[in-house]
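A.B. asks: Line by line, the protein sequences give chains A and B.
With UniProt numbering applied, the first sequence corresponds to residues 1 to 437, in that order.
With UniProt numbering applied, the second sequence corresponds to residues 1 to 297, in that order.
Rather than coming from a laboratory, the hints here were simulated on the basis of the structure.
Be careful, since some hints might not be right.
As the list claims (entries may be wrong) - With a straight-line cut-off of 20 Å between C-alpha atoms, the simulated SDA-like cross-links for lysine to any residue are:
1) K178(B) x G96(B)
2) K178(B) x R104(B)
3) K430(A) x Q40(B)
4) K415(A) x Y153(B)
5) K415(A) x T145(A)
6) K322(A) x A46(B)
7) K414(A) x I65(B)
8) K414(A) x Y153(B)
9) K273(A) x N134(B)
10) K414(A) x R145(B)
11) K63(B) x E427(A)
12) K430(A) x Y116(A)
13) K430(A) x F59(B)
As the list claims (entries may be wrong) - Partial chain B-side listing against chain A, Cβ under 10 Å, derived:
14) G128
15) D152
16) L244
17) Q252
Unchecked claim - Simulated restraints on C-beta separations:
18) T227(B) x D195(A): 53 to 63 Å
19) Q240(A) x Y55(B): 37 to 47 Å
20) L271(B) x G128(A): 46 to 56 Å
The model shown is predicted, which means the values in this text are computed figures rather than measured ones.
In this text, a Cβ means the ideal position worked out from N, Cα and C, and glycines have one as well.
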Amino acid sequence: MKKTPILLFVLLHLILLMACENIFSRNDKTVDSPSDILNGPSKQKVELRFTWWGGEERHNRTLRAIELFEERHPHIKIDPSYGNFEGYFENLTTQFNAGNTPDIIQFGGNLNDYVYRGVVLPLDTFIGNELDITLHDQSMIDAATFDGQFYGVSLGINTWGLLLNKSMFEEAGIPLPHITWTWEDFIEISIQLSDSLEGVYGTEYFDHNGFGIFIDQRGKTLHENGILGITYDDVVDWFQLWSDLREKGGALPADLQVTSTLTPEQSLFVRGKVAMTLIPSNLVEAYSNYSEDEVIFHPHPNNEIGRSGVSLRPSQFLAGNKYTRYPNEVALFLDFIVNDKEAATILGNERGTPVNSEIREFLLTNSSEMEREIFKFIDWVSITSDAPYVPNLPGYNETSALFLRISEEIAFGKKTVEDGAREYWNELEKVLTQYNK
Amino acid sequence: MLQKRKNYLIAYMFLLPWFIGFFGLVVGPMISSLYLSFTQYDLLTAPQWVGAQNYVEMFNDRKFIASVKVTTTFVVIGVPLQLIAALFIAMLLNKGLSGIGFYRTVYYIPSLLGGSVAIALLWKNIFGMNGIFNDFLGIFGIAGRGWVSHPDYAIYTLIALATWQFGSSMVIFLAGLKQIPGELYEAASVDGANPFMKFKAITLPLLSPVILFNLVMVSISSLQVFTSAYIVSEGSGGPANSTLFYTLYLYQKGFSFFEMGYASAMAWLLLIVIALLTAIIFFSSKYWVHYEYGGKS
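This is chain A alone, in the form it adopts within the complex (with noise of 0.2 Å):
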């Protein structure tokens, strides 16, 4: 009779054991199969896992270029994971906390904020050996250089610009821009726009990516060595442009402007809500093949002085976990991505024009009308261009959501322009003496 007590305790403990030996026994598997043995001295497999955030697109392609990495490498396996945009820094930053952060990462504009705490692959040791990035254009590899140091490859070039709804205009009766357009015939276009179809916006916000535009436009720069190179006008300026747009019914009213998002295939602009938007060069064909009108890519508009502002910038980086088990194989996939005739067809301008420029040759020859008018577009930029590169700001997730909401608190008149602007001005100069410290 007492002994039943015990059995039972017994009983439920092995039972608990079980259930966990499958978590120990998932690891290691360096045992050889047969056929490796056959093959003689067999590498050993390794499995690398792989991030990405993106829409259905992006996805699609990648996963076809994992497949064709895999049949290249058999003892590579590569397991993905991707999703939106949404929340994919902070499930990031959480897997590294954790320790069981992907080997292979896609990074934005914030690449520098991880580097900064130290908990990405430095490349340097693989350059000439499993990375090759002699064909690379010398400011992608500035990108992403930091305190002399290589760590990420871009993924492609990229440049803004309007996308402008061909069919809209011509439904609207406006003679698409000039190239070299100014944000006088902007405004007045958007408005045209807005008044002339039904249900439909002239143009959408620019968000802080515009604004970078409209500062390099001024010759300023945003912040160079933690110092900021606005005046509180500048601000000032870009939500004077904005609001007084709105109120002319040329741009979104603000809570339909709330509902923008970066996913292609669920934007306000392929939805049919507006007939103008900023984008990167890399997202036109997404946009293009989600929407069921007729689009194009156009410059964006200059200011009054004739200048565009508009730079050639890397649109994202893929990058190495510092704490990856197999940091070659990791470099032998970042090296594929970029510089494989075959992935560079299958990826196309998704992520941008690729930096390798015998690859971008060989895809000028290989591609859609589509992409050809993009890489034309590119060129075009590349010889016109009139501002440098800048690199985001330090501390990019919360500077680019401090904009956004101030621009909302305008939109919908919580707060004045003159109040918004100071308050952004003022957090940053925060944000950037806490960096500098």
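Take the given structure of chain A and dock chain B to it, following the hints.
C.D. replies: Okay, now just chain B, sitting in the frame of chain A:
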């Protein structure tokens, strides 16, 4: 005596898995978060001791103050609404209608689904610019607006969502209502009391211990609301901070802005506020909660 101790030992051995979970997953993390609340910690590099700086900083942080306002609004308006809705439905279901079991299930379903991501998404679409709520208003010729995307209304759609999840408090109310002896109502009817007087003089006093319980539970969960706000605003707390709940800001600070130390400090402050609020409610209960049989029931 020895026999008794041996039996305890067996009991503790059975409790061991729970103890491991309790200390490993609750007490341990709480202690480490208490430590982290006194540090500057970005999740990626080692924490640095900064003393009470995080706690001091909160009171100069506009977003923090905004988040406190949003959560306070939610609790002050949402909690009474939730309790009234739950009590009202419970009283309806306490009537001897046919097929009552079916209705009870149906009304309970929202609180099973309520906390899920899918429902928050559904809610976002119902109250969106082109959602069915606006279509419904359109029937009456009322031009709707983006209810979840306007800072003046967004929080009320979230309050409505929370109110709709009255199920679990409703079930508890229902059980409480069943406990009230029918004779009391009969006696009151004989004395000529109308339904409102019966409700005021019999239902409310006899139900007050259950109301106390529900009040405490709903208040605590309202202070911690997160999922719906996160989904509806895509984690931004927008539009214009109008749905920036305390917990959402805590999450942003910890996971988006690399300030886990600050986030931990916020979590501890929330714990203290919840404890204080609960203490106040319990203290006040002396004056309004009525225990039959001298408080022993």
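A.B. asks: Less than 10 Å between beta-carbons is the criterion; does Q252(B) satisfy it with respect to chain A?
C.D. replies: With a minimum Cβ separation of about 7 Å from chain A (threshold 10 Å), the hint on Q252(B) holds.
A.B. asks: Between T227(B) and D195(A), is the Cβ distance one that fits in 53 to 63 Å?
C.D. replies: violated, 41 Å
A.B. asks: Given L244(B) as an interface hint, is its Cβ closer than 10 Å to any Cβ of chain A?
C.D. replies: holds, 9 Å
A.B. asks: Lying within 37 to 47 Å: is that true of the beta-carbon distance Q240(A) to Y55(B)?
C.D. replies: With Cβ atoms ~38 Å apart, the hint holds.
A.B. asks: Run the distance test for K415(A) versus Y153(B): straight-line Cα separation, threshold 20 Å.
C.D. replies: holds, 17 Å
A.B. asks: Assuming the hint says 46 to 56 Å, is it satisfied by the Cβ distance from L271(B) to G128(A) or not?
C.D. replies: holds, 54 Å
A.B. asks: With the threshold set at 20 Å, check whether the alpha-carbon distance from K63(B) to E427(A) stays at or below it.
C.D. replies: holds, 11 Å
A.B. asks: Against chain A, with CB atoms and a cut of 10 Å, does the hint on D152(B) hold up?
C.D. replies: Since chain A brings a Cβ to about 8 Å from D152(B), closer than 10 Å, the hint holds.
A.B. asks: Need the status of pair K273(A), N134(B): alpha-carbon distance at most 20 Å?
C.D. replies: Since the Cα atoms of K273(A) and N134(B) sit roughly 17 Å apart, the hinted pair holds (cutoff 20 Å).
A.B. asks: When you check the alpha-carbon spacing of K430(A) and F59(B), does it fall within 20 Å?
C.D. replies: holds, 16 Å
A.B. asks: Does the structure keep K178(B) and G96(B) at a Cα separation of 20 Å or less?
C.D. replies: Holds, because 12 Å separates the two Cα atoms, which is no more than 20 Å.
A.B. asks: Can the restraint linking K414(A) and I65(B) be considered satisfied, given a maximum Cα separation of 20 Å?
C.D. replies: holds, 16 Å
Checked against the numbered hints listed earlier, the structure breaks hints 5, 18; every other hint is satisfied.
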